[in-house]
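Peer 1: With chain A held as given, fit chain B onto it using these hints.
Sequence lines, in order, name chains A and B. Here our numbering is used: position 210 in the first sequence is 210, and no number is missing along the way. Here our numbering is used: position 1 in the second sequence is 1, and no number is missing along the way.
Keep in mind that the hints were calculated from the coordinates and are not lab data. Computed from a predicted model, the values in this text were never measured in an experiment. A couple of the hints might just be wrong.
Interface residues of chain A toward chain B, partial, derived using beta-carbon atoms under 7 Å [claimed, not checked]:
| hint | residue |
| --- | --- |
| 1 | P4 |
| 2 | A7 |
| 3 | L8 |
| 4 | A153 |
| 5 | V159 |
| 6 | P209 |
| 7 | R212 |
| 8 | R213 |
| 9 | D216 |
| 10 | V220 |
| 11 | L233 |
| 12 | D235 |
| 13 | A244 |
| 14 | A247 |
Taking lysine-lysine pairs in the DSBU-like style, the calculated list, with each CA pair at most 30 Å apart, reads [unchecked claim]:
| hint | chain 1 | residue 1 | chain 2 | residue 2 |
| --- | --- | --- | --- | --- |
| 15 | B | K716 | B | K447 |
| 16 | B | K447 | B | K713 |
| 17 | A | K128 | A | K49 |
| 18 | B | K443 | A | K187 |
| 19 | A | K128 | B | K447 |
| 20 | B | K294 | A | K49 |
| 21 | B | K716 | A | K128 |
| 22 | B | K447 | A | K187 |
| 23 | B | K79 | B | K199 |
| 24 | B | K443 | A | K128 |
| 25 | A | K128 | A | K187 |
Yeah, the Cβ is synthetic: ideal placement off N, Cα and C, and Gly gets one too.
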Amino acid sequence: MVDPALALIWFAIAVGTLLIFFWPGQGLAIRLLRVLRMTERVRIEDALKHAYNEEYANRTASIHSMAGALEVSRAFAVRLVTRLEARELVHSSDEGLQLTAAGRDYALRILRTHRLWERYLADRTNVKPTDWHDEAERREHRLAATEVDALAASMGHPVYDPHGDPIPTDFTVHPLPTERAVGPYEKLSSLSPGESAVVVQIAHACQGPQRRRLLDLGVVPGTVITAELQGALSDPMAYRIRSALIALRQQQADLIYVERDPSKGGN
Amino acid sequence: MAVPAVTGHCVGCEAHREASLVKLGIRLDRWDYLVALAGNPNTGKSTVFNAATGLRQHTGNWPGKTVARAEGGYDHLGKRVKVIDLPGTYSLQAGSTDEEVARDFILFGQPDVTVAVVDATRLERNLNLVLQILEITDRVVICLNLMDEARRHGIGIDAARLEQELGVPVIPTVARRGQGIADLVDAIDGVASGRIQTKPYRMRRHPPEVDGAIGALAGAIQEAYPNLPNSRWVANRLLNADARVQAAVLSGDVGELGSRQSDAAVSDTGSRAALRESNRRSRIIDKAQALRWKLSPDFHDSLAESIYAEAQRIADRCAMQGLERAKFDFDRTLDRLVTSRWLGFPIMLLVLTVVFWITIAGANLPSRMISAMLLETVHPALKNFASTVGLPWWLDGFLLDGVYLATAWVIAVMLPPMAIFFPLFTLLEDFGYLPRVAFNLDKLFQKAGAHGKQALTMCMGFGCNAAGVVSTRVIDSPRERLIAIITNNFSLCNGRWPTQILIASIFIGALVPAHVAGLVSATAVVGVAVLGMAMMLLASWLLSRTVLQGEATTFSLELPPYRPPRVLQTLYTSVIDRTLIVLWRAVLFAMPAGAVIWLAANINIGGVSIAEHLATWLNPVGLLIGLNGVVLLAYIVAIPANEIVIPTVLMLTTLSLGTQGLGQGPGVMFEETASATGTMLRLAGWTALTGVNLMLFSLLHNPCSTTIYTIYKETKSANWTLVATLLPLLMGIVVCFLVAQIWRLIAA
Numbered sequence: 001m002v003d004p005a006l007a008l009i010w011f012a013i014a015v016g017t018l019l020i021f022f023w024p025g026q027g028l029a030i031r032l033l034r035v036l037r038m039t040e041r042v043r044i045e046d047a048l049k050h051a052y053n054e055e056y057a058n059r060t061a062s063i064h065s066m067a068g069a070l071e072v073s074r075a076f077a078v079r080l081v082t083r084l085e086a087r088e089l090v091h092s093s094d095e096g097l098q099l100t101a102a103g104r105d106y107a108l109r110i111l112r113t114h115r116l117w118e119r120y121l122a123d124r125t126n127v128k129p130t131d132w133h134d135e136a137e138r139r140e141h142r143l144a145a146t147e148v149d150a151l152a153a154s155m156g157h158p159v160y161d162p163h164g165d166p167i168p169t170d171f172t173v174h175p176l177p178t179e180r181a182v183g184p185y186e187k188l189s190s191l192s193p194g195e196s197a198v199v200v201q202i203a204h205a206c207q208g209p210q211r212r213r214l215l216d217l218g219v220v221p222g223t224v225i226t227a228e229l230q231g232a233l234s235d236p237m238a239y240r241i242r243s244a245l246i247a248l249r250q251q252q253a254d255l256i257y258v259e260r261d262p263s264k265g266g267n
Numbered sequence: 001m002a003v004p005a006v007t008g009h010c011v012g013c014e015a016h017r018e019a020s021l022v023k024l025g026i027r028l029d030r031w032d033y034l035v036a037l038a039g040n041p042n043t044g045k046s047t048v049f050n051a052a053t054g055l056r057q058h059t060g061n062w063p064g065k066t067v068a069r070a071e072g073g074y075d076h077l078g079k080r081v082k083v084i085d086l087p088g089t090y091s092l093q094a095g096s097t098d099e100e101v102a103r104d105f106i107l108f109g110q111p112d113v114t115v116a117v118v119d120a121t122r123l124e125r126n127l128n129l130v131l132q133i134l135e136i137t138d139r140v141v142i143c144l145n146l147m148d149e150a151r152r153h154g155i156g157i158d159a160a161r162l163e164q165e166l167g168v169p170v171i172p173t174v175a176r177r178g179q180g181i182a183d184l185v186d187a188i189d190g191v192a193s194g195r196i197q198t199k200p201y202r203m204r205r206h207p208p209e210v211d212g213a214i215g216a217l218a219g220a221i222q223e224a225y226p227n228l229p230n231s232r233w234v235a236n237r238l239l240n241a242d243a244r245v246q247a248a249v250l251s252g253d254v255g256e257l258g259s260r261q262s263d264a265a266v267s268d269t270g271s272r273a274a275l276r277e278s279n280r281r282s283r284i285i286d287k288a289q290a291l292r293w294k295l296s297p298d299f300h301d302s303l304a305e306s307i308y309a310e311a312q313r314i315a316d317r318c319a320m321q322g323l324e325r326a327k328f329d330f331d332r333t334l335d336r337l338v339t340s341r342w343l344g345f346p347i348m349l350l351v352l353t354v355v356f357w358i359t360i361a362g363a364n365l366p367s368r369m370i371s372a373m374l375l376e377t378v379h380p381a382l383k384n385f386a387s388t389v390g391l392p393w394w395l396d397g398f399l400l401d402g403v404y405l406a407t408a409w410v411i412a413v414m415l416p417p418m419a420i421f422f423p424l425f426t427l428l429e430d431f432g433y434l435p436r437v438a439f440n441l442d443k444l445f446q447k448a449g450a451h452g453k454q455a456l457t458m459c460m461g462f463g464c465n466a467a468g469v470v471s472t473r474v475i476d477s478p479r480e481r482l483i484a485i486i487t488n489n490f491s492l493c494n495g496r497w498p499t500q501i502l503i504a505s506i507f508i509g510a511l512v513p514a515h516v517a518g519l520v521s522a523t524a525v526v527g528v529a530v531l532g533m534a535m536m537l538l539a540s541w542l543l544s545r546t547v548l549q550g551e552a553t554t555f556s557l558e559l560p561p562y563r564p565p566r567v568l569q570t571l572y573t574s575v576i577d578r579t580l581i582v583l584w585r586a587v588l589f590a591m592p593a594g595a596v597i598w599l600a601a602n603i604n605i606g607g608v609s610i611a612e613h614l615a616t617w618l619n620p621v622g623l624l625i626g627l628n629g630v631v632l633l634a635y636i637v638a639i640p641a642n643e644i645v646i647p648t649v650l651m652l653t654t655l656s657l658g659t660q661g662l663g664q665g666p667g668v669m670f671e672e673t674a675s676a677t678g679t680m681l682r683l684a685g686w687t688a689l690t691g692v693n694l695m696l697f698s699l700l701h702n703p704c705s706t707t708i709y710t711i712y713k714e715t716k717s718a719n720w721t722l723v724a725t726l727l728p729l730l731m732g733i734v735v736c737f738l739v740a741q742i743w744r745l746i747a748a
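For reference, chain A alone in the conformation it holds in the complex (with noise of 0.2 Å):
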């Protein structure tokens, strides 16, 4: 028989070296994994990312600003502007590196697919709004040209990333409407049991299925909703809408934005 003070610490010890190895953003496979992901491809893309950066800016990018933004010695940053030239995706002269018209539309590509990930983090997933973007950061290296535009088909082609950052695309834009209900209108999980008000609009920040759905359950502006019964544990609230009892959770009716308005209210 194992002793079993003794067995427990063996148990503690490799419990102690999982979570060195696997602890979540920290852990050494995940920095092991970060180092293997740092591969040709990822350097020459954040390269063109950071000229293309400056250039938005009207600054010009720098083999010193370069090996300032990636992390990376001197040395190296000229080596990969060296290999950047080669490909003519930038043009480097005494004023500093130029994007070519191919390298420009290399860094529109990639921040297009981050924007798209970004769009995709928000809608469709649980990641929190403060990893977005180093997700995408992430996932952006990894699609072809045709991922990508599967990947904005699959969203119904969206035009906004999250931030409210137009998606760069071949077609024109429009700027981004800007939201009816900023100020004075209340949400609508301020109701209280057996309070009525109208819908004024659903948030931006709400996109994606959950928006689709709130849309088919009849949420759309104009339509009365009266809140009417409050779980045992006061979170969700059920509203009566267009005559059906549905459940919303807090967070949900947070991003739903009502007016109280006496003569069409408490039905």
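Peer 2: This is chain B only, laid out in the frame that chain A set:
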């Protein structure tokens, strides 16, 4: 994404339809008319289906979810009519798999008639779907169901007026009582045969910017497909970037949707013409794409808004005034009660306790009777027969002591509780109480990153995990559904209750004075079940924070009105749907298991049976986690069904003790009294720790093979099946290990 159901040319002709439907996985007889039943969830669609088809339906809800629909048929005026019950959906935007299945069938399945079942108490929301159906097809009959409920709630609908507005027949029904079904069947026949001409209402008032785009596009589509009756709808779908419709336009399939006899718009008119045609088609797609970028990003919203505006207008015109509402609002009063802060949870616990009590108490007697019949009457008779025929001892033992006894045991132990538990549960579901349970518990599940409806699948898991996994279909959000599937095994299923009860009474009950032994061991069993729920929430939380955070998610939970359940119907469907199918699968897996057990116990190597070799070999690992080799071996053997853990443990223990006369004869199964079993187990070195850990391990170990197979069928993913199998096993090993070490530390 669902695989498109029907593709290919000449969709219109009879031969093709038969051929293409075979692809859908439907067994076809001959039929004259094909009818699709569509509608919102909770409109009594299935009731209409059953009322029309009688009990001759094949409730085909078992195959993969892409074809999650029932089918049936009836004869009317000498015409054979085949009815397909489509999944209940709120719209046909093809946003979810269900919507896609329904839309694809209405559009590409070419039903002769689409019956839209409408809940008269929620007319506006149901009209949202009806208006979308009318955009796709002319051949529609509206079944205005639940007229009695509407009357009770003071809602009156002028059916004649509605018919006038929509331009298709509107038949008021009370499907539960069969009222109006004859009229419905008649109207279906009328529309199918062309006796009734429909002039379906088409959306006129799209938002202006969308209207312009649709108009421009519809012209081009009409030019390419002159016979198409719904070019505006197709244009609308193209603007919405509907991949399925896009593909149909490109391939030319859409052209054949027009009329029955239409020749394919293109096909074999020479390659140059074909090329020209395909250029024209891709120009349509390009045009749609260009137009789409000119629309404002929230044009989906304005589309939904305009459909609802129309729905509201129509509903208002058809509303009859002056009806009196029933004085006592039963629904509202009951809702207040069962969701109240103080009474909500006590009522829930009470209801569940009563269901379990009826199941356990009620199953006892039939279980004994079946086991007496199968084990004590049929088995000896078969043995006699085998010896008179002169079967060799090994074949006789293999078939009768191995395969037959294992199967008989599983039937005796599983059938009665399931036949009681599932109907009771279905009655609660039909009545409308279970959605309220989900509503009450949603907060807990939300914190764990799961869906409130997981509370229902969890309860279903108490009956049988395989049935629990299937029941996760009610969760329409993919991520939460996956969580519910993977964690369902933490519900202590029917097959494990007997193990818990036996071991608790032997080892836990023995620790306390005799007069409280029963109470204490019962509490221990309930404690294990509650621990299972806690583990389920923990596992859900872990999964939703790690591997599953990248999956899609939505939440919506409709609380349907209470409806008096129909007992006989429920009995029939729950026995067919849940009990018999689960039992059949269990039997399929129990038969080989019985064979393996018999072989392991009867084939000797070096004078010792294989089973003993394995048990000895597993013993060190077993002891490390506070169990022993026999228990581990039993759990490996019992992968097919948890029910056979105890019999296997007993058989192997007798074998290892070498107690002659106990394990020899029956080979696999036998029954003993609890105290005799306890004496024997203690003789084999079992302690209270072994008992406690066996209870824990019985809760936390891999699902039975029936459940694993069901998980694979439901997820269609080997990876998730592996996670669902290994996660609880790993948790069980860790928990048992820790308990054993700490127990020994304290005891020392």
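Peer 1: Does the structure break any of the earlier hints, and which numbers would those be?
Peer 2: No numbers; nothing is violated.
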